[in-house]
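Here's the letter readout for the chains.
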Amino acid sequence: MGITFTVQAFNDGLAQGKLRGARCMSCGELHLPPRPICRTCGSRQLEWFDFKGTGHVETFTVIGVPLSEFKERSPYAVGIVKLDEGPTISGLLLKEKIDELRVGERVEVAYIKGQDRTILGFRAV
Amino acid sequence: MTRFHHKIHADKTGREIFVEAALEAVDSVDKGLKLGGVESVFVGNFSNDVFEKQSHTGAMMADWLGINPKPAVRVEGACASSGVAFNLGVQSIASGLYDIVLVGGFEKMRSQTTEQVTDTLAMAADASYEASVGFTFPGLYASMATAYFHKYGTRWEELAAVTVKNHRNGALNPKAHFQSDIMSTAVKAGEGKGVKFKDELEFLSSSFNPVVAHPLRLFDCCPVSDGAAVVILAGEDVARRFTDTPVMVAGIGQASDTLALHDRQDFTSMRATRVAAENAYRLAGLSTKEIDVADVHDCFTIAEVIATEDLGFFPKGQGGKAAVEGVTGLKGDKPVNADGGLKAKGHPVGATGAAMAYEIFKQLRGEAGDHQVAGAEVGLAQNVGAAGATVTVQIFRRG
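These protein sequence lines are chains A and B, in that order. So the first sequence is residues 1 to 125, counted in our numbering. So the second sequence is residues 1001 to 1399, counted in our numbering.
Rather than coming from a laboratory, the hints here were simulated on the basis of the structure. Heads up, a few of these hints could be off.
To be verified - With a cut-off of at most 27 Å between alpha-carbon atoms, the simulated DSS-like pairs for lysine-lysine come out as follows: (1) B:Lys1053 to A:Lys71; (2) A:Lys52 to A:Lys82; (3) B:Lys1316 to A:Lys82; (4) B:Lys1289 to B:Lys1316; (5) A:Lys97 to B:Lys1151; (6) B:Lys1334 to B:Lys1151; (7) B:Lys1198 to B:Lys1188; (8) B:Lys1070 to A:Lys95; (9) A:Lys82 to B:Lys1289; (10) A:Lys97 to A:Lys71; (11) A:Lys18 to A:Lys113; (12) B:Lys1012 to B:Lys1070; (13) A:Lys97 to A:Lys52; (14) B:Lys1316 to B:Lys1334; (15) B:Lys1331 to B:Lys1289.
Because the structure is a prediction, the values reported are computed rather than measured.
Can you build the whole structure from these sequences, using the hints too?
Here it is as structure tokens:
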């Protein structure tokens, strides 16, 4: 049996404007990004689950010394967002004045065009 | 161990610094040990494949130590590589397979620019889901700091106290990368620009200490260093043939956690540290109160604060305060990172776990020189891989 819930499938989802995770068909736990084995109950029966993309900032940083791929964006904010459905995931954070970014701030998903891929981001709302 | 430094090893490769550290270890054995007596080699290394474009470093070190065909293996657990190598060495002896093994680690990082090192270190995080959205390695710890400040209502000034303490200790350690305290550094940095600082905090709050990943500034981060560290492990009965004052490995622990920080329940604590420590304390039959000296993984100042809480030294939210109040200072009740820590001693990633064991060994034998913790009998080392996805803990006591 092949594994469906791949990094590639997640990235393809981003390119199509979808935030795709997995739901455990046994215990209902949601996973984002998707994974092949439920880490709550161990079940291997999972199905695709599309997240709404709304949530709030759990924690964040503003990067002064960037990765080479992100050099043009520096300084940029990146952090961990807790989605309204429950799971937490890392993303670029977009806000006009990044100095005013705060823990708890409401955000919605943003699909950011990178050089040759779509980067997961969240925009302050 | 070699001195950890950004320049002095520039004309050497990883194999030379590892051999240098190994020779110091072997030659310092009280009643003498020949390299040929070593039965197996465990080499901690994070990313020599990238840094020097040389893999297969386990066999390479056995070769360069002149002890082929003894088995050798390179162990990778990010920044905990040689903490893991150490535990595997202990396990190989406990299993009865070997009597004497050599464990160590090395990293040769300074062949790369800061930008390249930033990219390489990010490989220890989740490349597909963290680095892919722009998280750097300091950025992950900075996010822990943001979460920590938010949860406990504490401030960056507590982290600055860790910086000041560890640089003060590093100044007393001839093996440390940085050997000047923060005030001396401030005076020197300010001289050229005609700037004077009234105290450490004014310097650390100034533009001389730029933000690497908010809220962490340059002096919240360990430096990029080259270096190697090696220790020799032997079974208890065997060890007594070589020394009258061995240091005993009383307990070891290791744990894993999610590779991505975002998959954790709590960003202000490391479950892997708590689990590894619990196992080590239990094996040792010792408790947190009995630890006289500890080396913890302060790759960033926030990491020391969190480690001292996860190891049970202080209640949650109180680790920073302990640094401010001097409790973790060299003469405090719970000395932490007497050798300067990663912060001032340096952090050649793969060498760090072995360097911690080296430090605790010296401390418990009363051989730590100017940074000796008086009367230390029980010591602990905590080595963290990346943002806590691998953690090892060892507890040592005087033999």
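Subject >> Unsatisfied constraints (hint numbers, rising) >> reply: Violated hints (numbers, rising): 8 and 9; every other hint is consistent with the structure.
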